[in-house]
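Engineer: The primary structure of each chain is shown beneath.
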Amino acid sequence: MKQCIIFAAILFFGLFSQAQVCTNTVNGHVEDADTKEKLIGATIQILELNKETTSTANGDFVFDNICEGNYSLIISHVGCVTVTQKLTIKKSVHVEIFLPHQKGTLNTVTVTSTKATTTSGFKKELSGKLLEQTKGLTISEALSKINGVTLLQTGSTVSKPIIHGLHSSRILTINNGVRQEGQQWGNEHAPEIDPFIADKLTVIKGVDELKYGSDAIGGVILVEPKALRTTAGFAAELNTVYFSNNRQYVVSGMYEQQLKAIPALSFRVQGTYKKGANSATPNYRLNNTGSTENNFSLTSGYKKNNFSSELFYSRFDTKLGIFKGSHIGNITDLKAAIAANKPNDVFLGEDTYAIGRPYQAVTHNLIKSKTIVETKNGDKISFLLSAQFNNRSEFDIVRSSRNTSPQLSLDIRTYAEELVWEKHKKNNFVGTAGASFVQQNNTYAGRYFIPNYNLYSYGGYYVEKWQKNKWELQGGIRYDYKNIQTNRLKFNGTVIDYGFNFSTLASSINAIYKPNTNWRTNIAASLASRAPQVNELLSDGIHHGTATYELGDIFLETEKAINIGAGITYQNDEKTFTAEVNVYNNNINNFIFRQPIPNEPVLTIAGAFPKIIYNQTNAVLRGIDVSTTTTIAKQVDVNIKYSMLRATNKNINDWLILMPADRVSAELNYTFKNNHFFHDSYIATEVQYVFEQTRVPSDKNGLQDYKAPPGAYTIVNLNASTILHFKNFPITFAVGARNLFNTAYRDYLDGFRYFTDETGRNLFVRLKFSLTHSK
Amino acid sequence: MKDNLLNFGAFLLLYATFFTSCKKVTVVEDNDNEVITTLLVRLTATTGGAFVDFKFDDPDGPGGAAPTIDQINLAPNKTYNAQIILLNKTATPVDTSSIQVKEENIAHRFYFETTIGTNLTISNLDKDDDGISLGLLSTWTTGAASTGKIGITLRHYDGIPPNKAEADLISSSKSSTDLTTASIGDFSVNIQ
Numbered sequence: 017m018k019q020c021i022i023f024a025a026i027l028f029f030g031l032f033s034q035a036q037v038c039t040n041t042v043n044g045h046v047e048d049a050d051t052k053e054k055l056i057g058a059t060i061q062i063l064e065l066n067k068e069t070t071s072t073a074n075g076d077f078v079f080d081n082i083c084e085g086n087y088s089l090i091i092s093h094v095g096c097v098t099v100t101q102k103l104t105i106k107k108s109v110h111v112e113i114f115l116p117h118q119k120g121t122l123n124t125v126t127v128t129s130t131k132a133t134t135t136s137g138f139k140k141e142l143s144g145k146l147l148e149q150t151k152g153l154t155i156s157e158a159l160s161k162i163n164g165v166t167l168l169q170t171g172s173t174v175s176k177p178i179i180h181g182l183h184s185s186r187i188l189t190i191n192n193g194v195r196q197e198g199q200q201w202g203n204e205h206a207p208e209i210d211p212f213i214a215d216k217l218t219v220i221k222g223v224d225e226l227k228y229g230s231d232a233i234g235g236v237i238l239v240e241p242k243a244l245r246t247t248a249g250f251a252a253e254l255n256t257v258y259f260s261n262n263r264q265y266v267v268s269g270m271y272e273q274q275l276k277a278i279p280a281l282s283f284r285v286q287g288t289y290k291k292g293a294n295s296a297t298p299n300y301r302l303n304n305t306g307s308t309e310n311n312f313s314l315t316s317g318y319k320k321n322n323f324s325s326e327l328f329y330s331r332f333d334t335k336l337g338i339f340k341g342s343h344i345g346n347i348t349d350l351k352a353a354i355a356a357n358k359p360n361d362v363f364l365g366e367d368t369y370a371i372g373r374p375y376q377a378v379t380h381n382l383i384k385s386k387t388i389v390e391t392k393n394g395d396k397i398s399f400l401l402s403a404q405f406n407n408r409s410e411f412d413i414v415r416s417s418r419n420t421s422p423q424l425s426l427d428i429r430t431y432a433e434e435l436v437w438e439k440h441k442k443n444n445f446v447g448t449a450g451a452s453f454v455q456q457n458n459t460y461a462g463r464y465f466i467p468n469y470n471l472y473s474y475g476g477y478y479v480e481k482w483q484k485n486k487w488e489l490q491g492g493i494r495y496d497y498k499n500i501q502t503n504r505l506k507f508n509g510t511v512i513d514y515g516f517n518f519s520t521l522a523s524s525i526n527a528i529y530k531p532n533t534n535w536r537t538n539i540a541a542s543l544a545s546r547a548p549q550v551n552e553l554l555s556d557g558i559h560h561g562t563a564t565y566e567l568g569d570i571f572l573e574t575e576k577a578i579n580i581g582a583g584i585t586y587q588n589d590e591k592t593f594t595a596e597v598n599v600y601n602n603n604i605n606n607f608i609f610r611q612p613i614p615n616e617p618v619l620t621i622a623g624a625f626p627k628i629i630y631n632q633t634n635a636v637l638r639g640i641d642v643s644t645t646t647t648i649a650k651q652v653d654v655n656i657k658y659s660m661l662r663a664t665n666k667n668i669n670d671w672l673i674l675m676p677a678d679r680v681s682a683e684l685n686y687t688f689k690n691n692h693f694f695h696d697s698y699i700a701t702e703v704q705y706v707f708e709q710t711r712v713p714s715d716k717n718g719l720q721d722y723k724a725p726p727g728a729y730t731i732v733n734l735n736a737s738t739i740l741h742f743k744n745f746p747i748t749f750a751v752g753a754r755n756l757f758n759t760a761y762r763d764y765l766d767g768f769r770y771f772t773d774e775t776g777r778n779l780f781v782r783l784k785f786s787l788t789h790s791k
Numbered sequence: 028m029k030d031n032l033l034n035f036g037a038f039l040l041l042y043a044t045f046f047t048s049c050k051k052v053t054v055v056e057d058n059d060n061e062v063i064t065t066l067l068v069r070l071t072a073t074t075g076g077a078f079v080d081f082k083f084d085d086p087d088g089p090g091g092a093a094p095t096i097d098q099i100n101l102a103p104n105k106t107y108n109a110q111i112i113l114l115n116k117t118a119t120p121v122d123t124s125s126i127q128v129k130e131e132n133i134a135h136r137f138y139f140e141t142t143i144g145t146n147l148t149i150s151n152l153d154k155d156d157d158g159i160s161l162g163l164l165s166t167w168t169t170g171a172a173s174t175g176k177i178g179i180t181l182r183h184y185d186g187i188p189p190n191k192a193e194a195d196l197i198s199s200s201k202s203s204t205d206l207t208t209a210s211i212g213d214f215s216v217n218i219q
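Just so you know, the sequences run in chain order Y and U.
Numbers in the numbering used here are just positions in the first sequence, counted from 1, shifted up by 16.
Numbers in the numbering used here are just positions in the second sequence, counted from 1, shifted up by 27.
The hints are simulated quantities; they were obtained by calculation from the structure and are not laboratory data.
Watch out, some of these pointers could steer you wrong.
SDA-like mimics (lysine to any residue), calculated; alpha carbons at most 25 Å apart, straight line [claimed, not checked]:
1) K82(U) / V414(Y)
2) K351(Y) / E140(U)
3) K129(U) / R418(Y)
4) K358(Y) / K201(U)
5) K358(Y) / S199(U)
6) K201(U) / N508(Y)
7) K201(U) / N360(Y)
8) K351(Y) / K201(U)
9) K201(U) / A760(Y)
10) K627(Y) / K116(U)
11) K154(U) / N419(Y)
12) K129(U) / V414(Y)
13) K506(Y) / A92(U)
14) K627(Y) / G178(U)
15) K116(U) / N508(Y)
16) K201(U) / N357(Y)
17) K201(U) / D721(Y)
18) K116(U) / V414(Y)
19) K291(Y) / I187(U)
20) K506(Y) / L114(U)
21) K351(Y) / T142(U)
22) K82(U) / F507(Y)
The calculated label-pair distances, taken between Cβ atoms and stated as ranges, are [unchecked claim]:
23) K723(Y) / T148(U): 36 to 44 Å
24) K129(U) / N508(Y): 24 to 32 Å
25) I629(Y) / E140(U): 30 to 38 Å
26) E140(U) / I656(Y): 54 to 62 Å
27) E140(U) / A356(Y): 15 to 23 Å
None of the values given here were measured: they were computed from a predicted structure.
All C-beta atoms in this analysis are idealised placements derived from N, C-alpha and C, irrespective of residue type, glycine included.
Please build the complete structure, drawing on both the sequences and the hints.
Structural biologist: Structure representation (structure tokens):
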């Protein structure tokens, strides 16, 4: 699915004819908004008159003898979002309708995509119905709906996405066109983005990665908002979600408008408020696991002739409680906590919204301006400016309750400029060239985690795409140069300053072959290089929570990954069966990882801490993702997803630590027929089975982990939703459950697996009110 | 097009203002205010005389140079008043962390553990506001000449309320370790 925009162009004709009562004709044309295909068999309904018709082979429809008045036109088609359009009839009218896709599965995307400029070798999307199901969850939890994406968690409040086994700085997150520069260092640093901004979440790999950086070894996540209105009028949306487990409520509102008086100007305001109390596992409630979130964004766009400009501001502000029982003084405490099958009762049982120490407070501000000028020959030149201000404050458990200051505060400021030249399509070729400059500055206060630093990065890329008939070929190259100056002035006057320079090169090629409408195949090869991050170079201190002493290494070299991937998609003519298989082999030289050194504990006054150093090895991550959708009976679909990964440390011929276990899920989806009041109604049950991770590093060179991975688990989720149409006022009503059977389980990729079970049954109710007014 | 350029200029201007705020910073490290670098055992014989300090000292905090630890030399068959003083030498001026322990006495507790054969008894621990053992002050009584070890551990109760109880063991999961001498083999005790 491309943009979820409803281009509702209403063209009047017969301007000079006299208005006559009840002799008007409404005729129109329905097209797929993405593929521009004419849609056959779309249902068009005039709500007030209870009249209904279907579109012809050319996508045309007609209603005769319509009286003057105000009507609601409801247009629906299998696999598309139902569109409601307000219509004022004074004379006969022609209506052009573009229906966006509903399901955000890759299957529909790749089969229908025809634009060479936007398709990529590996691309998975979450939008429409599937994205809607995730409203109220964090952006990482939403992304984990995509096959091949898993979660790295620190309890119920902190989660970050893993793509094919890789996370943190190996993944680039692009928030509305801007590379997110926050605190992505640690496993407990979640992305600072309001998921309600997104109209679409996309994971891409391959050639298009080059537009964002040379270091996207794991892939790129695109967080894309809905495009601004292009027609006069306004729209408003209100989302509310309530979760039973932690009494969490979420309210998110949006208002957008294009003024009739200034048709070039369009704007949107959006905000989200979220508050959750302590969450509960099936057998006990965890104290201090509440969270709050206050987010706000403002977008304005100006478009006139060949010039367009967008100004975007967003603020993300969250406070996340960390379970008190996970505060660990030293290795002895950690071992004791692990040995216990549940935390001490003093850390359990409170049902409150209050958040005490330890907690994290994070704010992220983003200001962006993007200006696009289209030249006479159709080339597009765009200039992007962005500034990001990120603060992360960590409030640890302290001795004195009078202490209100954070124990760690990191302030990171990033300024970026990017100039992109996109050539007009010519002889089936589309080329894009870009240059970027980034300046970043970090300061810290309190506990040492990473030093102060100034970073300058310069980059340039060129991507060329060619498309003809059944073939698409894409290729590109990118180079980045990075200079980092760190400084640390210790309390005793010791100065520890380092300078680093890194050059990174990336390139990618991709070939797509579509022999017919049923099949699509692609094969891609990419080289990506990632310079070591400041924390990998210069960490030096106790890591609470895991009770380890982490030590960076200034001699780390650039990681280089060669990723080869192939994919095949099939859809039958009846569109009752689609299947997709993706395989990948990611060979990473100088792979940076955290290596436990069990025989050299670091002695401190708080006790002995196992040492962990940042080390390099040659690694290979290979895996397969399979998904199928089968219509087994009328209105009944079954979706099956399977994902498998094998990650090896080649130097010592052992497994890599903290890699996602294999998993399989099946979803049974029943879609109800649309009627006068209820549209797009469905009920879906999902069963997810996660295997036990048995492929972990062996302990022959000393203990690598404190606890063996937890066992396999099965959880069942439920989702049901319908859209009620009150005239021109659709209301989405959804209910569901996560972990329906209140299963007690632990997940290998949750840092809290040492201490507690995962969240128990969580029922939710979701309401969405939408209002659209065109004039 | 002229308008466009004007718009563009405005963005650049706006941007320039961001840039001026990006300067190189050199800040002296404001180290973790929770660090304890030094534990002093201040012993004064009940029979009078000057006090003697024995210390467990790690002035650069966790990591870096390893801590140093004194041997505690005591006379046999004698009673001492003991006071525990905690310092954070990474702060300027040096922070006396034991003051915070005294303030938050209901959430803290010292444990003293001697190895078998060490003729040293620790008793009479001072109480917190709830009347439960705290241990900032204590009485050390020696017996016949002997050698051995003593471990000193400070536990912090993280719960609210702390729920500290007299019967709590050193390993209670209600509390976590703030400090322990156990990491480097505890204080050696020489009674002669």
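Engineer: Indicate, hint by hint, whether the structure satisfies it.
Structural biologist: So, going through the hints one by one against the coordinates:
Distance check on the hinted pair: K82(U) and V414(Y) sit about 23 Å apart at the alpha-carbon level, within 25 Å; holds. Of the pairs offered as hints, the one joining K351(Y) and E140(U) holds, with about 20 Å between alpha carbons and a cut-off of 25 Å not exceeded. Restraint check for K129(U) and R418(Y): the C-alpha separation of about 13 Å stays at or below 25 Å, so the hint holds. Under the criterion of a C-alpha separation no larger than 25 Å, the hint pairing K358(Y) with K201(U) is consistent with the structure, at around 12 Å.
Between the alpha carbons of K358(Y) and S199(U) the distance comes to roughly 13 Å, so the proposed pair stays at or under 25 Å and holds. For the hint linking K201(U) to N508(Y), the alpha-carbon distance of about 36 Å lies beyond 25 Å, and the restraint is violated. Of the pairs offered as hints, the one joining K201(U) and N360(Y) holds, with about 6 Å between alpha carbons and a cut-off of 25 Å not exceeded. Restraint check: the Cα-Cα separation between K351(Y) and K201(U) comes to about 14 Å, which is no more than 25 Å; the hinted pair holds.
Between K201(U) and A760(Y) the CA atoms are separated by roughly 23 Å; this keeps the pair inside 25 Å, and the hint holds. This hinted pair checks out: K627(Y) and K116(U) have alpha carbons roughly 24 Å apart, not beyond 25 Å. The suggested pairing of K154(U) with N419(Y) holds, with an alpha-carbon distance near 23 Å, which does not exceed 25 Å. Proposed proximity of K129(U) and V414(Y) is supported: the alpha carbons are some 14 Å apart, at most 25 Å.
Between the alpha carbons of K506(Y) and A92(U) the distance comes to roughly 14 Å, so the proposed pair stays at or under 25 Å and holds. Restraint check: the Cα-Cα separation between K627(Y) and G178(U) comes to about 23 Å, which is no more than 25 Å; the hinted pair holds. In summary, the hint linking K116(U) to N508(Y) is supported, as the alpha carbons are separated by about 9 Å, within the 25 Å threshold. The suggested pairing of K201(U) with N357(Y) holds, with an alpha-carbon distance near 14 Å, which does not exceed 25 Å.
Under the criterion of a C-alpha separation no larger than 25 Å, the hint pairing K201(U) with D721(Y) is consistent with the structure, at around 24 Å. For the proposed pair K116(U) and V414(Y), the alpha carbon gap of about 17 Å is at most 25 Å, so the pair holds. Of the pairs offered as hints, the one joining K291(Y) and I187(U) holds, with about 21 Å between alpha carbons and a cut-off of 25 Å not exceeded. Among the hinted pairs, K506(Y) with L114(U) is consistent with the structure: their alpha-carbon atoms are about 18 Å apart, no more than 25 Å.
Note on K351(Y) and T142(U): the hinted pairing holds, with a Cα-Cα distance of about 23 Å set against a maximum of 25 Å. With a C-alpha separation of about 21 Å, the suggested pairing of K82(U) with F507(Y) holds against the 25 Å cut-off. In this structure the hint that K723(Y) and T148(U) lie 36 to 44 Å apart at CB holds, the actual value being about 39 Å. Hint check: K129(U) to N508(Y), Cβ distance near 27 Å, so the stated range 24 to 32 Å holds.
The hinted window of 30 to 38 Å between I629(Y) and E140(U) holds, with their beta carbons roughly 32 Å apart. Between E140(U) and I656(Y) the Cβ separation comes to about 58 Å, which falls inside the hinted range of 54 to 62 Å. Distance hint check for E140(U) and A356(Y): the Cβ-Cβ separation is about 22 Å, which falls inside the suggested range of 15 to 23 Å.
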